[in-house]
Amino acid sequence: MKAVALELYKLRRKRLLPMTVLFLGVEIAWAFAAAARSMARQSGPAGWEPVLAALASMNGLFLPILTAVCVSRICDMEHKGNTWKLLYTLSVRRSGLYAAKFAAAAAVMLAACLVQTAAVAVFGISRGFGPPLPFALLARFFAGAALPTLVIIALQQWVSMAAKNQTFALALGMIGGFIGLAADFLPQGAGAFFAWAYYTGLSPVVVDYGAAAAGTGPPLFTVTDAGASLAGMAWLSAAGAILCLAGNLHVSRREV
Amino acid sequence: MEPVLATHRLAKRYGGAYRVKDVNLAVHEGDIYGFLGPNGAGKTTTLKMILGLVRPTKGRVTVFGKDMEKHRRDNLRNIGALIESPSYYGHLTGLENLRVVQKLRDLPDRNVAEALAVVRLDKHKDRKVDQYSLGMKQRLGIAMALLSFPKLLILDEPTNGLDPAGIGEIRELIKSLPGRYGMTVLISSHLLAEIEQIATSVGIIRDGAMLFQGSLETLKAKSRPAILMKTRNNRLALDILLHGGYAPTLRDEPGGDCLAFDDLPDDEVARINRKLVENGLDVLRIEERRRTLEDIFLDMTGREGSLQ
Numbered sequence: 318m319k320a321v322a323l324e325l326y327k328l329r330r331k332r333l334l335p336m337t338v339l340f341l342g343v344e345i346a347w348a349f350a351a352a353a354r355s356m357a358r359q360s361g362p363a364g365w366e367p368v369l370a371a372l373a374s375m376n377g378l379f380l381p382i383l384t385a386v387c388v389s390r391i392c393d394m395e396h397k398g399n400t401w402k403l404l405y406t407l408s409v410r411r412s413g414l415y416a417a418k419f420a421a422a423a424a425v426m427l428a429a430c431l432v433q434t435a436a437v438a439v440f441g442i443s444r445g446f447g448p449p450l451p452f453a454l455l456a457r458f459f460a461g462a463a464l465p466t467l468v469i470i471a472l473q474q475w476v477s478m479a480a481k482n483q484t485f486a487l488a489l490g491m492i493g494g495f496i497g498l499a500a501d502f503l504p505q506g507a508g509a510f511f512a513w514a515y516y517t518g519l520s521p522v523v524v525d526y527g528a529a530a531a532g533t534g535p536p537l538f539t540v541t542d543a544g545a546s547l548a549g550m551a552w553l554s555a556a557g558a559i560l561c562l563a564g565n566l567h568v569s570r571r572e573v
Numbered sequence: 293m294e295p296v297l298a299t300h301r302l303a304k305r306y307g308g309a310y311r312v313k314d315v316n317l318a319v320h321e322g323d324i325y326g327f328l329g330p331n332g333a334g335k336t337t338t339l340k341m342i343l344g345l346v347r348p349t350k351g352r353v354t355v356f357g358k359d360m361e362k363h364r365r366d367n368l369r370n371i372g373a374l375i376e377s378p379s380y381y382g383h384l385t386g387l388e389n390l391r392v393v394q395k396l397r398d399l400p401d402r403n404v405a406e407a408l409a410v411v412r413l414d415k416h417k418d419r420k421v422d423q424y425s426l427g428m429k430q431r432l433g434i435a436m437a438l439l440s441f442p443k444l445l446i447l448d449e450p451t452n453g454l455d456p457a458g459i460g461e462i463r464e465l466i467k468s469l470p471g472r473y474g475m476t477v478l479i480s481s482h483l484l485a486e487i488e489q490i491a492t493s494v495g496i497i498r499d500g501a502m503l504f505q506g507s508l509e510t511l512k513a514k515s516r517p518a519i520l521m522k523t524r525n526n527r528l529a530l531d532i533l534l535h536g537g538y539a540p541t542l543r544d545e546p547g548g549d550c551l552a553f554d555d556l557p558d559d560e561v562a563r564i565n566r567k568l569v570e571n572g573l574d575v576l577r578i579e580e581r582r583r584t585l586e587d588i589f590l591d592m593t594g595r596e597g598s599l600q
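Chains as they are written, first to last, in this note's numbering: chain A, 318 to 573; chain B, 293 to 600.
Isolated chain A, as found in the complex:
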């Protein structure tokens, strides 16, 4: 805990918080505007589903990039200041340092996911969707955003710590954002191999654009069965754990 607090302390003046807030603000505003447009086209009472579907889809683009930037900031300060040597001569466990950086990035990004979920709740209430608040749906949305983010943090951290030049890490984040955005268009099964594709894959709401494309009706929003996501979550968790361990092992054993 002390090590995580220290990582956050080192982020002073890095403007990570304003940057994250701005990034999230743009994404949430965009998603809510898209959901409002979608709801306006539909007849009948408006619901939570279009908002959750829109935000989950936007997450595919925004969260990989935000994660890449956030992780890069946390790792790059060590490269820039040549501080790996200092840290490794301070009787600090290397694997502990790696874990602290992961936890610091996770704290920032999970807070971002939590803010998104709270924003959906506020938006829904202000639009008269509830009460009651659909806690289960919101929790599934949060988990669907948080889990891929944690795996992406593991991957980004490995790249950011291994390569001094952060262009690689940021480029990977951009590629991830593109994959996340295009996840629904990937061939059946191919998406399972990309962590970025899980933002829509683990979304509690799926959208069927069939009728909208044919011009016969609005898009159809369906709440998926929670059990159907479990296999994907398990696979993603395993991939995340492997990435964390492999990255930690690789970076910790490296000579500086």
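Hints in this document: simulated from the structure, not taken from any laboratory.
Note that this is a predicted model, so its numbers are computed, not measured.
C-beta: ideal position from N, C-alpha, C; glycine also.
No incorrect hints appear here.
Chain A is faced by these chain B residues, among others (derived, beta-carbon under 10 Å):
hint : residue
1    : Val346
2    : Ala373
3    : Glu376
4    : Pro378
5    : Tyr380
6    : Arg391
7    : Asp398
8    : Met436
9    : Ser440
Heads up, simulated DSBU-like pairs for lysine-lysine below, C-alpha to C-alpha not over 30 Å straight-line:
hint : chain 1 : residue 1 : chain 2 : residue 2
10   : B       : Lys443    : B       : Lys313
11   : B       : Lys395    : A       : Lys481
12   : A       : Lys331    : B       : Lys420
13   : B       : Lys415    : A       : Lys319
14   : B       : Lys417    : A       : Lys319
15   : A       : Lys319    : B       : Lys443
16   : A       : Lys331    : B       : Lys415
17   : B       : Lys443    : B       : Lys350
18   : A       : Lys397    : B       : Lys395
19   : A       : Lys481    : B       : Lys417
20   : B       : Lys358    : B       : Lys467
Guided by the hints, dock chain B onto chain A, whose structure is given.
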């Protein structure tokens, strides 16, 4: 007495070439050990191996009698180090940088205040380190290494990039550490003049191999004077003297070649002079040449090296 720091046949190979080979270093308590060698001699690699930043190809390191590989974290608690260029977080202030080390080492606030005062950065502690001059960054690096007031301080070329005033300041600081805080200091440098003024023991390394290790006095004892003699025909004089049982060498000097003898008594010099004159050779000049520490040093490390 067991040394505070010892390396035993320490070696590091990169590819097929040894960067450091069979280095046996022994630093005793209270020493200021000057680790000297030209650039690229293997000083930093050796120090990195001592600190566990680089894995040795073979050999081992003991610090305070404990094997470094087995007790690395324990040992590091008693070591402060500055390796190569200073490490710092440029976006943080000097004080915040020290706070990072303080938190990682779990040290009291008074250590921060004292370290800042020792390196005379207390007036600049609230400035961002990106705005520091190179000398101030170097002093901050030393403050970070000093923060726990460790038993062993390892400084790798701490005066690199400093102006003469800065070098003098760091020198005085390092000299004061053993007396003031009971520290043992291992300092590497390629500058002989710097080490000569502060070290009590020296180790000289070249091409990864230790050439000399001992007290500065032992090294200075090697600077016995030589007698240089210039004659009208040095080659003929050499033959005559070799046949006469003397052992001069022919030395290339800026003013032309000459005969060189290890330290000789005055009577012997007179006899050699007489012998040459009796053989019809004019003796043009006889002079005593005292070898400086720098001469010894350059002879050891190679004059083509960058040692200054």
